[in-house]
Amino acid sequence: MAAGVAAWLPFARAAAIGWMPVANCPMPLAPTDKNKRQDELIVLNVSGRRFETWRTTLERYPDTLLGSTEKEFFFNEDTKEYFFDRDPEVFRCVLNFYRTGKLHYPRYECISAYDDELAFYGILPEIIGDCCYEEYKDRKRENAERLQDDLDSENNQESMPSLSFRQTMWRAFENPHTSTMALVFYYVTGFFIAVSVITNVVETVPCGTVPGSKELPCGERYSVAFFCLDTACVMIFTVEYLLRLFAAPSRYRFIRSVMSIIDVVAIMPYYIGLVMTNNEDVSGAFVTLRVFRVFRIFKFSRHSQGLRILGYTLKSCASELGFLLFSLTMAIIIFATVMFYAEKGSSASKFTSIPASFWYTIVTMTTLGYGDMVPKTIAGKIFGSICSLSGVLVIALPVPVIVSNFSRIYHQNQRADKRRAQKKARLARIRVAKTGSSNAYLHSKRNGLLNEALELMGTPEEAHVGKTTSLIESQHHHLLHCLEKTTVSPSPATPTPPPPLSGFRTHILKLVQLQKSKSVPFRVKSSEEAPEEWAVTEVGPALPCSALRPHPTLHPSHGPFSVTEAKGSACQSPSSNGQISRSCYGPQRRISGGPTLVLGDAL
Amino acid sequence: MKLLPCSAAKTSSPAVQSNVEDELEMATVRHRPEALELLEAQSKFTKKELQILYRGFKNECPSGVVNEDTFKEIYSQFFPQGDSTTYAHFLFNAFDTDHNGAVSFEDFIRGLSILLRGTVQEKLNWAFNLYDINKDGYITKEEMLDIMKAIYDMMGKCTYPVLKEDAPRQHVETFFQKMDKNKDGVVTIDEFIESCQKDENIMRSMQLFENVI
Numbered sequence: 001m002a003a004g005v006a007a008w009l010p011f012a013r014a015a016a017i018g019w020m021p022v023a024n025c026p027m028p029l030a031p032t033d034k035n036k037r038q039d040e041l042i043v044l045n046v047s048g049r050r051f052e053t054w055r056t057t058l059e060r061y062p063d064t065l066l067g068s069t070e071k072e073f074f075f076n077e078d079t080k081e082y083f084f085d086r087d088p089e090v091f092r093c094v095l096n097f098y099r100t101g102k103l104h105y106p107r108y109e110c111i112s113a114y115d116d117e118l119a120f121y122g123i124l125p126e127i128i129g130d131c132c133y134e135e136y137k138d139r140k141r142e143n144a145e146r147l148q149d150d151l152d153s154e155n156n157q158e159s160m161p162s163l164s165f166r167q168t169m170w171r172a173f174e175n176p177h178t179s180t181m182a183l184v185f186y187y188v189t190g191f192f193i194a195v196s197v198i199t200n201v202v203e204t205v206p207c208g209t210v211p212g213s214k215e216l217p218c219g220e221r222y223s224v225a226f227f228c229l230d231t232a233c234v235m236i237f238t239v240e241y242l243l244r245l246f247a248a249p250s251r252y253r254f255i256r257s258v259m260s261i262i263d264v265v266a267i268m269p270y271y272i273g274l275v276m277t278n279n280e281d282v283s284g285a286f287v288t289l290r291v292f293r294v295f296r297i298f299k300f301s302r303h304s305q306g307l308r309i310l311g312y313t314l315k316s317c318a319s320e321l322g323f324l325l326f327s328l329t330m331a332i333i334i335f336a337t338v339m340f341y342a343e344k345g346s347s348a349s350k351f352t353s354i355p356a357s358f359w360y361t362i363v364t365m366t367t368l369g370y371g372d373m374v375p376k377t378i379a380g381k382i383f384g385s386i387c388s389l390s391g392v393l394v395i396a397l398p399v400p401v402i403v404s405n406f407s408r409i410y411h412q413n414q415r416a417d418k419r420r421a422q423k424k425a426r427l428a429r430i431r432v433a434k435t436g437s438s439n440a441y442l443h444s445k446r447n448g449l450l451n452e453a454l455e456l457m458g459t460p461e462e463a464h465v466g467k468t469t470s471l472i473e474s475q476h477h478h479l480l481h482c483l484e485k486t487t488v489s490p491s492p493a494t495p496t497p498p499p500p501l502s503g504f505r506t507h508i509l510k511l512v513q514l515q516k517s518k519s520v521p522f523r524v525k526s527s528e529e530a531p532e533e534w535a536v537t538e539v540g541p542a543l544p545c546s547a548l549r550p551h552p553t554l555h556p557s558h559g560p561f562s563v564t565e566a567k568g569s570a571c572q573s574p575s576s577n578g579q580i581s582r583s584c585y586g587p588q589r590r591i592s593g594g595p596t597l598v599l600g601d602a603l
Numbered sequence: 604m605k606l607l608p609c610s611a612a613k614t615s616s617p618a619v620q621s622n623v624e625d626e627l628e629m630a631t632v633r634h635r636p637e638a639l640e641l642l643e644a645q646s647k648f649t650k651k652e653l654q655i656l657y658r659g660f661k662n663e664c665p666s667g668v669v670n671e672d673t674f675k676e677i678y679s680q681f682f683p684q685g686d687s688t689t690y691a692h693f694l695f696n697a698f699d700t701d702h703n704g705a706v707s708f709e710d711f712i713r714g715l716s717i718l719l720r721g722t723v724q725e726k727l728n729w730a731f732n733l734y735d736i737n738k739d740g741y742i743t744k745e746e747m748l749d750i751m752k753a754i755y756d757m758m759g760k761c762t763y764p765v766l767k768e769d770a771p772r773q774h775v776e777t778f779f780q781k782m783d784k785n786k787d788g789v790v791t792i793d794e795f796i797e798s799c800q801k802d803e804n805i806m807r808s809m810q811l812f813e814n815v816i
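Top to bottom, those sequences are chains A and B. Each step along the first sequence adds one to the number in our numbering, with nothing skipped, and position 550 is 550. For any residue, its number in our numbering is found by taking its place in the second sequence, counting from 1, and adding 603.
The hints are simulated quantities; they were obtained by calculation from the structure and are not laboratory data. Keep in mind the model is a prediction, meaning the values are calculated, not measured. Beta carbons: idealized from backbone N, C-alpha and C, even for Gly. One should not assume that every hint holds.
What the hints assert, rightly or not - Simulated DEER-style distance windows between Cβ atoms: (1) PRO683(B) x HIS177(A): 40 to 50 Å; (2) ALA113(A) x GLU676(B): 28 to 38 Å; (3) ASP138(A) x GLU676(B): 23 to 33 Å.
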């Protein structure tokens, strides 16, 4: 029930007394408010900003966090307020929802942050008011597209060994950058398209005269050469088309697509020309067919994204173009009629009929002004000038709409490409940061090991040798250690014999020895090559720490309980190396690169 | 009841400007209720209860008055299964004691005070006033039929068992048989109160909503 209506409920219930005298049956008992409290102000402290509201305001929506007893989990006994460690800006919108019953979406807010907050407070985004719903849905769609884009590009970058030959071929066709073969193919086809178009053009150029006959176009003079070139091009195109047809995941859809139709139209005239005999009556049709060869130039749209965008823009502006055409037609007919009747009187006028005047009107409205048809009467001249003035207006109106459409789509495309490029750069930067931090981390880990060991020895002065790790980190390590303890199995072949239980000092010394010895590579390489190993002997059951350590990108601020990682960090599963792979936890999402640390042998 | 000066009635406004001014007046009509102490004295609510009531009222009607359409809208939200407009209309008339087409906060409080904190006599009086549509002191069969039809409309068609077409009429007959002592075809206030006081069910149900606020 809407917030406002809930406020009227007492009134409606009171007015129900009006039914009582006419009622035939006794009324049911009224529900009692067991813990009826006086309405009180409650303080909601959101990251330091205090919001206060009545308890009843919040209880209007009992299925949300604030309206139910769930908020008691956030009650702070000392300050007698509810503390939420969340964004206060978005909380403003949430609280206004309780107050007014309408949920608004602030335009400056990031859509995913907003969604997260709504999910936290248990509010469905569907109840966003009409005033803000459009904006919210648009932003959500853009975000989804972006995510889908990222997912697609990620899928593209991942090497999927299980692709069939057909699928690899299709990928090569669609994305020439995936392999060298695809790139070669791409350039070869582009070259042959250019060659074909140029031969079509040059065919018609008049070459020098052969003595004894009139000037011939090059096509007829060197007909054999041109024929060979044409054949070669068509063969390449045919092969390409058949290969694409073979590789297409959905052949039916491929056949219906625009590009394949262009391909077919480009190569058909040649075959029809081969099949047809040199008959006189059909030679006219044959000539017409050669015109279709010019469609080969459209094959370039596979090679140029700008061309594709232009085509897509024209398609999406179909209504604007239609309007342009319609208004032009109207204007042409009007002015042609007027001009015809204005020029009817003058002698030897070229305006012989209204359709004949169409030509004049078109030429004038588009400000071409060939001058082959000119009005001679005064009335004709007046209307002619009106015609040319209005032509400018009529054409200038729909054109900006088409231009802005093109600009929007083009920029969208650019944005997608830019995002991909930025993502690559960003990941590279993260990699560099990771290696830096992981070095520091290992350093501290080493010192931490020493620290813990020294602490166990019971000498407080020595306990603080070396760097201290944060409480969270030590708790995390402890947790990982427990996990390791749960799952580790003794490995059969160990490089070093188990140390005698001769006290901790010798153990630590052994540790240091191992670190210093060259047998254990200690650096962490930041490349994707063989994962590093860090074999540390498990120095007896008393020493709590082992070689188990988490991936350095685990965010320390996530608290001791969150072993799962934030988005964006990676944990490469080292199981492929055949090592004991217990050091991997959290989501298995891979980001290419990044150091991998593998648990070495544990005694 | 104080009106803001901008919405004070203009005595002589030229006909040409009247439209603009009317719109202005309608847009800026604000009713401020009487002081809290006065209302507390007039009604049977405590200060705190009045505060809670006014907060809810003002939230819904920032202008300070409820008009009939709002009434109908509110009721249709409470009883979505049927058509509550007729009953809301009657109820509006019952609340709008000074018959100026708008229920102000004072009217609201007056009505609620009777319904929630009044004596049984006052409540029955109020109910009689509700049924007596033309406020002539008598409930006729036609008036009762209208009221009954309005209540049955509010119920809607989704009842089990399905109500018959003439259920309102039957109900009116039952009502008149019970209430109309001298069988003169109308029910007066005394007959009404007397008959209701004799009926156990009605007496009990009058106390039902005592603790709504």
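Which of the numbered hints are not met once you compare them with the structure shown? 1
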